[in-house]
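The residues making up each chain are set out below.
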Amino acid sequence: MLIKKPTLIRPSEITPPSAYLNRRQFMQGLAGTAAFAASASALALPAPQFDKGLPVYAGPDWLQQQLRAGVSNKALSTDEKVAPYQHAIRHNNFYEFGTGKGDPAKNAQDFITDPWSVEISGEVNRPGTIGLEDLIKPHQLEERIVRLRCVEAWSMVLPFVGVSLATLLKQFEPTSKAKYVEFTTLNDPKQMPGQRSVFSSLDWPYVEALRMDEAMHPLAFMAVGMYGNALPPQNGAPLRLVLPWKYGFKWVKSIVGIRFTETMPATTWNKMAAQEYGFFANVNPAVSHPRWSQATERRLPSSLFRPNIIDTQPFNGYGDEVAHLYSDLDLKKWF
Amino acid sequence: MVLKQLKNHPALRLLEWWLLFLAALLPLAWISWQAWSFALGADPAKEITDYLGQWALYLLWGSLAITPLRQALGWTRLQRFRRMIGLYALFYATTHLLAFGTFIIGWRWDLLQTALTERTYIIVGALALLLLIPLGVTSTKGWQRRLKKRWTQLHQLVYPISLLVLLHVVWLIRDSYFDVFLYGSLLGWMLGYRVWRRLQRRLRRSASLSS
Ligand code: HEM
Numbered sequence: 000m001l002i003k004k005p006t007l008i009r010p011s012e013i014t015p016p017s018a019y020l021n022r023r024q025f026m027q028g029l030a031g032t033a034a035f036a037a038s039a040s041a042l043a044l045p046a047p048q049f050d051k052g053l054p055v056y057a058g059p060d061w062l063q064q065q066l067r068a069g070v071s072n073k074a075l076s077t078d079e080k081v082a083p084y085q086h087a088i089r090h091n092n093f094y095e096f097g098t099g100k101g102d103p104a105k106n107a108q109d110f111i112t113d114p115w116s117v118e119i120s121g122e123v124n125r126p127g128t129i130g131l132e133d134l135i136k137p138h139q140l141e142e143r144i145v146r147l148r149c150v151e152a153w154s155m156v157l158p159f160v161g162v163s164l165a166t167l168l169k170q171f172e173p174t175s176k177a178k179y180v181e182f183t184t185l186n187d188p189k190q191m192p193g194q195r196s197v198f199s200s201l202d203w204p205y206v207e208a209l210r211m212d213e214a215m216h217p218l219a220f221m222a223v224g225m226y227g228n229a230l231p232p233q234n235g236a237p238l239r240l241v242l243p244w245k246y247g248f249k250w251v252k253s254i255v256g257i258r259f260t261e262t263m264p265a266t267t268w269n270k271m272a273a274q275e276y277g278f279f280a281n282v283n284p285a286v287s288h289p290r291w292s293q294a295t296e297r298r299l300p301s302s303l304f305r306p307n308i309i310d311t312q313p314f315n316g317y318g319d320e321v322a323h324l325y326s327d328l329d330l331k332k333w334f
Numbered sequence: 000m001v002l003k004q005l006k007n008h009p010a011l012r013l014l015e016w017w018l019l020f021l022a023a024l025l026p027l028a029w030i031s032w033q034a035w036s037f038a039l040g041a042d043p044a045k046e047i048t049d050y051l052g053q054w055a056l057y058l059l060w061g062s063l064a065i066t067p068l069r070q071a072l073g074w075t076r077l078q079r080f081r082r083m084i085g086l087y088a089l090f091y092a093t094t095h096l097l098a099f100g101t102f103i104i105g106w107r108w109d110l111l112q113t114a115l116t117e118r119t120y121i122i123v124g125a126l127a128l129l130l131l132i133p134l135g136v137t138s139t140k141g142w143q144r145r146l147k148k149r150w151t152q153l154h155q156l157v158y159p160i161s162l163l164v165l166l167h168v169v170w171l172i173r174d175s176y177f178d179v180f181l182y183g184s185l186l187g188w189m190l191g192y193r194v195w196r197r198l199q200r201r202l203r204r205s206a207s208l209s210s
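In the order they appear, the protein sequences are chains F and D. In terms of numbering that gives the first Met the number 0, the first sequence has 286 at position 287, counting the first letter as 1, and numbering is strictly consecutive. In terms of numbering that gives the first Met the number 0, the second sequence has 146 at position 147, counting the first letter as 1, and numbering is strictly consecutive.
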């Protein structure tokens, strides 16, 4: 099979997803004049800023088609202001491509994400390797605008497109023994310079996991797109978790493995520093990290002289939905 | 002969001084320009703070490098600039703190308080900065004369300060140990060199005494 690089196309060449058509037409009408200001309007989905020549990631054709048929999930979306596209694609923690926030945008541009397949293993009736297209094709894509809260005490509002994680996982028929589900990022030092670094203290591949009831919760989401297009490689293309009530490091990127287990899997950050990074990693203003108070966060982008500091909410503001999952846990201990 | 005269010409010495004085302001000018033109991405506050902290460290390390360079390689010309480089280290550490206070915590008193009581890496950074201040104040010729031998003792504080700064950086890393490895090995050389010289001197002295 021919390996195709993710094609970069100019925003003006994109056929707009039908669900966003009005918005796009509106934006294109403004292109070259005041498109920048338009991103601050009250509409739900700011499109990339057309007048800046920013890369837009189309993904494979089948995905484009499916993105165009996507719908917006208003019920599970916040109406807070979405981060400008240029920041979302250039401010990334993806250590496989370097530890600087700008490194992934620099180092991941040639990352091959098509073809892609995922290995399903462990306590399931239907294990095996499945191609990305077969995995995603049967499902209607939806857009959710969510808050991403990083453990480093900054946050951003991002519009992801994807599938509810429960829907995705159920098709493999996890057995009654499946108590946890583990997600693994690609391990490919040839493509991922961060995995070649001798100074890194993380174990590759990157692994994070969820308890089964967390994974089956309606808020848990598997993204294949962002801002109405495919995921950029630096944002975890072609397949990444979106877990709005958990710190960003749980949102595993570029997933190649999904394994169902009976016992709690060892996870990357927890293995490195268990007293700093818990298994659950639920956003919790009452439990500080040694390096960051978690009581507040800086919502990005933020003005320099009036930093946008807001109080962090328990479960990142999704407590009404998910707090019951943890009613029998001491959250100070199980952070 | 002519060359030597030229090299020590007051005008040239003045020019050198000014060049270094202005060059040390370039990092501040650069980062300000970058911020002004929105070239620092989604989180300019963090970029600016880190950048100024890095330059505080480079200059502090630079001030510590001068003695070994003079003694080991005979670079005597650098000696004149040691005070300026040390003062610039203090200057950049101060701008680093100002950037943190203004851009990151917006001078919110409660946030400053938790930072200074709970974040160990900030506690050691603040201690380092606090200790740098008396060194900056007493860096003039007048104070040097007034304090005599005490002056040398006081300014040896720069060694524990540099270790506090190293600790500051060790405690803020999350994954990559590259920077710490680099800063730590440079510091290890510079401090190790001094220890080694001192031991040698002591050995020589005791050898000459016993002969
Ligand atoms: C009150 C004093 C200080 C405060 C509040 C402070 C605060 C900070 C903060 C918030 C960071 C970023 C931490 C992160 O990455 O999460 C930082 C990084 C840093 N600071 Fe300081 N600091 C102080 C003193 C100093 C001093 C005296 C020096 C050096 C002479 C210094 C050098 C550095 C360096 C080299 C970094 C690392 C930048 C990087 O990530 O590349 N700091 N400091």
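Do not take every clue at face value.
Computed, partial: chain D to chain F, Cβ under 8 Å [what the hints assert, rightly or not]: (1) E117; (2) F177; (3) F180; (4) Y182.
Now the in silico label distances, taken between C-beta atoms and shown as ranges [claimed, not checked]: (5) F:D202 x D:D178: 19 to 29 Å; (6) D:L190 x F:R305: 36 to 46 Å; (7) F:R305 x D:Q70: 42 to 52 Å; (8) F:K331 x D:R200: 32 to 42 Å; (9) F:L330 x D:E117: 15 to 25 Å; (10) D:E117 x F:A273: 40 to 50 Å; (11) F:R305 x D:L2: 51 to 61 Å; (12) F:L330 x D:G141: 57 to 67 Å; (13) F:I309 x D:A71: 48 to 58 Å; (14) D:V169 x F:A68: 47 to 57 Å; (15) F:D212 x D:G187: 42 to 52 Å.
Covered by chain D, per the in silico footprint, the following chain F stretches (three or more residues, Cβ under 8 Å) [stated by the list, open to error]: (16) 108 to 120; (17) 125 to 132; (18) 230 to 241.
I should point out that these hints are in silico values taken from the structure, not numbers from a laboratory. For each residue, glycine too, the CB sits at the ideal point set by N, CA and C.
Here is what the structure says about each hint:
This hint holds: E117 of chain D has a C-beta 6 Å from the nearest C-beta of chain F, less than the 8 Å allowed. Residue-level restraint check for F177 of chain D holds (minimum Cβ-Cβ distance to chain F is 4 Å; threshold 8 Å). Hint status for F180 of chain D: holds, given a least beta-carbon distance of 6 Å to chain F, under 8 Å. A least Cβ separation of about 12 Å between Y182 of chain D and chain F goes past the 8 Å threshold, and the interface hint is therefore violated.
At about 21 Å, the CB distance of D202 of chain F to D178 of chain D agrees with the hint of 19 to 29 Å. Checked against the hint of 36 to 46 Å, the C-beta distance between L190 of chain D and R305 of chain F comes to roughly 42 Å, which is consistent with it. Between R305 of chain F and Q70 of chain D the beta carbons are some 50 Å apart, a value that agrees with the proposed interval 42 to 52 Å. Under the hint 32 to 42 Å, the C-beta atoms of K331 of chain F and R200 of chain D, about 56 Å apart, miss the expected range.
Restraint check, L330 of chain F to E117 of chain D: a C-beta distance of roughly 19 Å satisfies the suggested window 15 to 25 Å. The hinted range of 40 to 50 Å is not satisfied by E117 of chain D and A273 of chain F, whose Cβ atoms lie roughly 20 Å apart. Checking the proposed 51 to 61 Å range against R305 of chain F and L2 of chain D shows it holds: the Cβ atoms sit about 57 Å from each other. Separated by about 59 Å at the C-beta atoms, L330 of chain F and G141 of chain D satisfy the suggested range of 57 to 67 Å.
Separation of I309 of chain F from A71 of chain D is about 53 Å and conforms to the stated range, judged on CB atoms against 48 to 58 Å. Distance hint for V169 of chain D and A68 of chain F: a CB-CB separation of about 51 Å, consistent with the stated range 47 to 57 Å. At roughly 51 Å, the beta carbons of D212 of chain F and G187 of chain D sit within the given window of 42 to 52 Å. Coverage of a stretch by a chain is defined here by at least three residues with a beta carbon nearer than 8 Å to that chain's beta carbons; for the stretch 108 to 120 of chain F and chain D the count is 0, and the condition is violated.
Remark: the stretch 125 to 132 of chain F is not confirmed as covered by chain D, as 0 of its residues place a Cβ nearer than 8 Å to a Cβ of that chain, below the required three. Residues of the stretch 230 to 241 of chain F with a Cβ under 8 Å from some Cβ of chain D number 0, which does not satisfy the need for three, so the listed coverage is violated.
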